[in-house]
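Visitor: Sequence:
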Amino acid sequence: MLRSLKCRVVIKENIFRDGEFRAGYKVKLRIDCLRKHGLTHRDAYKVLWKEPRVILYEIEDIEKKIEFLVRQTKFDVQCLVEVPEYLGVNFDKQIIPRFNVIQYLQANDGLGDEVGLRNLVKLSRLRFYNMYVKPYPECEKIYGRFAGDVGFGPAIRLECGSFSSHNNILSQARC
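So the sequence shown is numbered by the working numbering: it starts at 1 and just counts up by one.
Since the hints were made in silico from the structure, they are not lab data.
A couple of the hints might just be wrong.
Straight-line distance between alpha carbons at most 25 angstroms, and here's what the computed DMTMM-like set of lysine to aspartate or glutamate pairs gives [claimed, not checked]:
#1 Lys28 - Glu63
#2 Lys93 - Glu140
#3 Lys46 - Asp76
#4 Lys74 - Glu63
Listed next, with one range per pair, are the computed distances between beta-carbon atoms [what the hints assert, rightly or not]:
#5 Lys93 - Glu67: 11 to 21 angstroms
#6 Lys64 - Lys6: 46 to 56 angstroms
#7 Asp92 - Val9: 39 to 49 angstroms
#8 Ala107 - Met1: 42 to 52 angstroms
#9 Leu111 - Leu29: 20 to 30 angstroms
#10 Leu111 - Val70: 13 to 23 angstroms
#11 Phe91 - Val9: 18 to 28 angstroms
Cβ coordinates follow ideal geometry from the N, Cα and C atoms, glycine included.
Between the sequences and the hints, there should be enough to build the whole structure, so can you do that?
Guide: The structure is reproduced here in structure tokens:
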């Protein structure tokens, strides 16, 4: 499985940096981590196959993202099979700010439909900004300095509406 991964050469080189045996052991640890959180063996392999960078991440980081996915966003762990890229994005720079914006908009009836994990993760920074932040100026404060990274708005730190303030806003949304 490892040799046939379809990923950038640099990622594959990093996976095999310590040898094939060590790479296989890392895969086993990540599979065990995903299974511990409720995925089947087959689904855990699918996640690693679609997002091989997960093999390079620390187990603690993977668990932190899964815990947030299940406890805060209220998505099912099965969503990882459909959107394994969630495990590959930066937690503090992408997941948290985007979730805060979506949570704020839903709490203030700014969104009519549920926002799936796919939109939370896969949209480019510019597209997310244009869809969810730009139409609502108050969201620039929530989106924080990441609004400035897109080339819009001032770099303002998150002052209110953190992800822990409204834990039940997103309820079992679709992936």
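Visitor: Work down the list of hints and note, for each, if the structure agrees.
Guide: Evaluation of the provided hints:
At roughly 15 angstroms between alpha-carbon atoms, Lys28 and Glu63 fall within 25 angstroms of each other, so this suggested pair holds. For the given pair, Lys93 sits about 14 angstroms from Glu140 by alpha-carbon distance, which is consistent with the 25 angstroms threshold. For the hint linking Lys46 to Asp76, the alpha-carbon distance of about 16 angstroms falls within 25 angstroms, and the restraint holds. A hinted pair counts as satisfied when its Cα atoms are at most 25 angstroms apart, and Lys74 with Glu63 qualifies at roughly 15 angstroms.
Remark: the range hint 11 to 21 angstroms for Lys93 to Glu67 is upheld by a beta-carbon distance near 18 angstroms. As the Cβ distance of Lys64 to Lys6 is approximately 27 angstroms, the hint placing it in 46 to 56 angstroms is violated. For Asp92 and Val9, the Cβ-Cβ distance of about 28 angstroms falls outside the hinted range of 39 to 49 angstroms, so the restraint is violated. Against the hinted window of 42 to 52 angstroms, the Cβ-Cβ separation of Ala107 and Met1 comes to about 43 angstroms, which satisfies the hint.
For Leu111 and Leu29, the hinted distance range of 20 to 30 angstroms is not satisfied, since their beta carbons lie about 38 angstroms from each other. A C-beta distance of roughly 21 angstroms is found between Leu111 and Val70, which places it inside the suggested range of 13 to 23 angstroms. In this structure the supplied range 18 to 28 angstroms holds for Phe91 paired with Val9, their Cβ-Cβ distance being about 26 angstroms.
When each numbered hint is compared with the structure, violations occur for hints 6, 7, 9.
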